[in-house]
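Residue numbers (this note's numbering), protein chains in the order written: chain A, 1 to 229; chain B, 230 to 536.
Don't take each hint at face value.
Calculated lysine to aspartate or glutamate pairs in the EDC-like style (CA-CA distance at most 20 Å, straight line) [claimed, not checked]: (1) B/Lys-518 to B/Glu-451; (2) B/Lys-297 to B/Glu-360; (3) A/Lys-4 to B/Asp-521; (4) B/Lys-372 to A/Asp-100; (5) B/Lys-535 to A/Glu-63; (6) B/Lys-424 to B/Glu-451; (7) A/Lys-227 to A/Asp-100; (8) A/Lys-68 to B/Glu-531; (9) B/Lys-380 to B/Asp-406; (10) B/Lys-518 to B/Glu-531; (11) A/Lys-68 to B/Glu-530; (12) B/Lys-462 to A/Glu-38; (13) B/Lys-380 to A/Glu-63; (14) B/Lys-235 to B/Asp-396; (15) B/Lys-362 to A/Glu-38; (16) A/Lys-46 to B/Glu-530.
Sample of chain A residues with no beta-carbon within 10 Å of chain B, all distances over it, derived [unchecked claim]: (17) Lys-37; (18) Asn-56; (19) Asp-100; (20) Lys-162; (21) Leu-194; (22) Asn-200.
Partial list, computed: chain A residues near chain B (C-beta under 8 Å) [claimed, not checked]: (23) Asn-7; (24) Gly-9; (25) Gly-12; (26) Thr-14; (27) Tyr-55; (28) Ile-59; (29) Lys-68; (30) Phe-75; (31) Ile-92; (32) Phe-137; (33) Thr-204; (34) Ser-205; (35) Pro-209; (36) Phe-226; (37) Asn-228.
Rather than coming from a laboratory, the hints here were simulated on the basis of the structure. All of these numbers come straight from a predicted model, not from anything done at the bench. C-beta atoms are modelled at their ideal positions from N, C-alpha and C, and glycine is treated no differently.
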Amino acid sequence: MLKKISNIGDCGITCDFGEEVNKKTNKEVIKLFNFIKESVNSKKIKGILNYTPSYNKLIINFELGQIKSKEIIEFIKGSDFSKTILSEKNKIVEIPICYDEEFALDIKRLEERTKLNFKEIIKEHLNTNFFVYMIGFVPGQPFLGDLNNNLHHDRLDTPRVKINKGSVGIVEKFCTIYTFESPGGWNIIGKTPLDLFNINKKNTSLLTPGDTVRFKSISKKNLLSFKNE
Amino acid sequence: MSNYFKVLRPGINSTFQDLGRFGLQHFGIVASGCMDQLSFYISNKLVGNKVSEGALEFAYQGPLLEHKGEPALVAVSGKVNFNIISKNGETKQGSPNTSFVVSNGDKIDILSTINSVYGYFSVFGGFKLKEVKGSVSTLVKAKIGPNNGDKLKSEDKIFFNKSSSLDKTKKIKFNFDEDNIIRVMKGLQVNYFSKKSQEVFFSKEYRVTRLSDRMGMRLQGEKLENIINTNIKSEGITKGSIQIPGDGQPIILLSDHPTIGGYPKIANVISADYDKLVQKVPGTLIKFKLVDLSVAESAFEEYVRKF
Chain A
1 MLKKISNIGD CGITCDFGEE VNKKTNKEVI KLFNFIKESV NSKKIKGILN YTPSYNKLII
61 NFELGQIKSK EIIEFIKGSD FSKTILSEKN KIVEIPICYD EEFALDIKRL EERTKLNFKE
121 IIKEHLNTNF FVYMIGFVPG QPFLGDLNNN LHHDRLDTPR VKINKGSVGI VEKFCTIYTF
181 ESPGGWNIIG KTPLDLFNIN KKNTSLLTPG DTVRFKSISK KNLLSFKNE
Chain B
230 MSNYFKVLRP GINSTFQDLG RFGLQHFGIV ASGCMDQLSF YISNKLVGNK VSEGALEFAY
290 QGPLLEHKGE PALVAVSGKV NFNIISKNGE TKQGSPNTSF VVSNGDKIDI LSTINSVYGY
350 FSVFGGFKLK EVKGSVSTLV KAKIGPNNGD KLKSEDKIFF NKSSSLDKTK KIKFNFDEDN
410 IIRVMKGLQV NYFSKKSQEV FFSKEYRVTR LSDRMGMRLQ GEKLENIINT NIKSEGITKG
470 SIQIPGDGQP IILLSDHPTI GGYPKIANVI SADYDKLVQK VPGTLIKFKL VDLSVAESAF
530 EEYVRKF
């Protein structure tokens, strides 16, 4: 449930859904996100520049010359967005992943800490229906959850300076996919050849907050010969 | 005959920018856009463009450009030291915030900004730039925007549309805000900091450091004591937010900021003072003044009257 709306400076507001990071809370965030997106597209509200969902909050940025925070807050308070059914707005996406040792850089670490072997870790990962909590930090990078308790693990003590694009990593109950080469501290378990982000495509980002992701294991050979559309 | 500027020297960080790329932050794409909106607007106004036309933004040292083709009406805005070198080799000092005509073989040498960071270069009719998702702003880090999402490089050719009238040169007089007071509103996590640290932040001076760019401005000053947690659950970020990481030193998030972040935010710079802030060079001591929403909103109304 929407708990509180606060101002962020003079051209932003945050809609706070509570402290818990879980799917239930995030689904409420995504409902408001979908509602704002539709209201902007159908011109029911003007002056909105960006709407950014995260685990437990939706942040809305607007053009101060067009609209003031008071009007947006009234618009949200006067709307019933909580009845939106998410499955109608969101999709299930299958993402190929190669768990070859060449790409599963932190598998030894994970085996030691989780007391599971490589095969069991893969099985657990493949059996998870991941929910897309949010996308961001850098373009297209998804934050997926929830991993089963037995796979939970901390960040690397010293982040890697360079993680290759397409690397799939896990930390605590979350899984991410690096859409750009970047530094990072997640435990890397595999790699996808699929482009999740392409600015030149109509659908810039393959995933949208609220989507569901399932991974599909592919061989190294298939990874190397994979062609993005 | 095609009309273009040949880049003989690209400058330190020269990129095309407009007012920004919106509606994509939920995909991790930040708005970007010009850092100093007023200077950007003026560069377009000087040459008779619509105010949102893409312009070339430069920081500190700008580019050296050689004009090729038909004469063009151009302008440099900001506090900028530049020369116009005519085809016959004669050099004369250029006047910023005044439009002028260049013809084939003339060079514009943008030497430096003067006690400020950003300046803009515009041409009547606009540059020929490919829009990406409705904007010609460049986000170098993700290679998004015209010129393959990159900074200007030597030997690049910047094509522009033909100038139809050259006699409309004009001068716009405007005053930069020279004071170092930046008005802010309380941030979402202001209560993460001790009462003493809040007092320090809203009253003491902070120094702009060299670790500042289009993404953020790092400041140095009295360490701020976080009494709750040095991290928060990652949440969406707004331009002008001031976050305090574990080391207690503020970072102000600027136009190319990451879209989500996990540090507590003590304050937010008000829209009316953003242009003033981004022009502060490393070494400048700035002071934050706490205001409320109504003050920020009326300050914005006053700010847009300058346009």
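Here's how the hints hold up against the structure:
With a C-alpha separation of about 16 Å, the suggested pairing of B/Lys-518 with B/Glu-451 holds against the 20 Å cut-off. Note on B/Lys-297 and B/Glu-360: the hinted pairing is violated, with a Cα-Cα distance of about 23 Å set against a maximum of 20 Å. Restraint check for A/Lys-4 and B/Asp-521: the C-alpha separation of about 19 Å stays at or below 20 Å, so the hint holds. A threshold of 20 Å between alpha carbons decides the hint, and for B/Lys-372 with A/Asp-100 the separation of about 30 Å lies outside it, so the pair is violated.
For the suggested pair B/Lys-535 and A/Glu-63, the alpha carbons sit about 17 Å apart, so the restraint of at most 20 Å is met. For the proposed pair B/Lys-424 and B/Glu-451, the alpha carbon gap of about 14 Å is at most 20 Å, so the pair holds. About 19 Å separates the Cα atoms of A/Lys-227 and A/Asp-100, which keeps this hinted pair within 20 Å; it holds. For the hint pairing A/Lys-68 with B/Glu-531, the CA-to-CA distance comes to about 15 Å; that is within 20 Å, so the pair holds.
For the hint linking B/Lys-380 to B/Asp-406, the alpha-carbon distance of about 28 Å lies beyond 20 Å, and the restraint is violated. Restraint check for B/Lys-518 and B/Glu-531: satisfied, since their Cα atoms lie roughly 18 Å apart, inside the 20 Å limit. For a cut-off of 20 Å, the pair hint linking A/Lys-68 to B/Glu-530 stands: about 12 Å separates their Cα positions. For the suggested pair B/Lys-462 and A/Glu-38, the alpha carbons sit about 26 Å apart, so the restraint of at most 20 Å is broken.
Between the alpha carbons of B/Lys-380 and A/Glu-63 the distance comes to roughly 27 Å, so the proposed pair goes past 20 Å and is violated. At roughly 24 Å between alpha-carbon atoms, B/Lys-235 and B/Asp-396 are farther apart than 20 Å, so this suggested pair is violated. A hinted pair counts as satisfied when its Cα atoms are at most 20 Å apart, and B/Lys-362 with A/Glu-38 qualifies at roughly 18 Å. Restraint check for A/Lys-46 and B/Glu-530: the C-alpha separation of about 18 Å stays at or below 20 Å, so the hint holds.
Interface exclusion of A/Lys-37 from chain B breaks down, the closest Cβ pair being 8 Å apart, not more than 10 Å. The beta carbon of A/Asn-56 sits about 6 Å from the closest Cβ of chain B, which is not more than 10 Å, so the claim that it is off the interface is violated. Every CB of chain B lies more than 10 Å from the CB of A/Asp-100, the least distance being 27 Å, so the non-interface label holds. Listed as a non-interface residue, A/Lys-162 keeps its Cβ farther than 10 Å from every Cβ of chain B; the least gap is roughly 15 Å.
At the 10 Å boundary, the C-beta of A/Leu-194 stays outside the reach of chain B, the nearest C-beta of that chain being 16 Å off. At the 10 Å boundary, the C-beta of A/Asn-200 falls inside the reach of chain B, the nearest C-beta of that chain being 8 Å off. Checking A/Asn-7 against chain B: minimum C-beta separation of about 6 Å stays under 8 Å; hint holds. A hinted interface residue such as A/Gly-9 counts as satisfied when its beta carbon comes closer than 8 Å to some beta carbon of chain B; here the least separation is about 3 Å, so the hint holds.
Interface restraint check: A/Gly-12 against chain B, minimum CB-CB distance 4 Å, threshold 8 Å, status holds. The interface hint given for A/Thr-14 is met, as the beta carbon of that residue sits about 6 Å from the closest beta carbon of chain B, less than 8 Å. For A/Tyr-55, the interface hint holds, the least distance from its beta-carbon to any beta-carbon of chain B being 5 Å, beneath 8 Å. Against a cut-off of 8 Å between C-beta atoms, the interface hint on A/Ile-59 holds, since the closest Cβ of chain B lies about 3 Å away.
With a cut of 8 Å, the hint placing A/Lys-68 at the interface with chain B holds, because the nearest CB-to-CB distance is about 6 Å. Evaluation of the A/Phe-75 hint against chain B yields a violated restraint, the C-beta minimum of about 17 Å exceeding 8 Å. Annotation: A/Ile-92 was flagged as interfacial toward chain B, and the flag is violated, the nearest CB pair being 18 Å apart, outside 8 Å. Hint status for A/Phe-137 relative to chain B: holds, with the closest Cβ pair at about 5 Å, below 8 Å.
Taken as an interface hint, A/Thr-204 checks out: its beta carbon lies about 5 Å from the nearest beta carbon of chain B, inside 8 Å. At about 4 Å, the closest approach between the beta carbon of A/Ser-205 and any beta carbon in chain B falls short of 8 Å, and the interface hint on this residue holds. Annotation: interface hint on A/Pro-209 holds; nearest CB of chain B at approximately 6 Å, less than 8 Å. Annotation: interface hint on A/Phe-226 violated; nearest CB of chain B at approximately 22 Å, more than 8 Å.
Restraint check, A/Asn-228 versus chain B: the minimum CB separation of about 16 Å is more than 8 Å; hint violated.
Consistency note: the structure conflicts with the earlier hints numbered 2, 4, 9, 12, 13, 14, 17, 18, 22, 30, 31, 36, 37.
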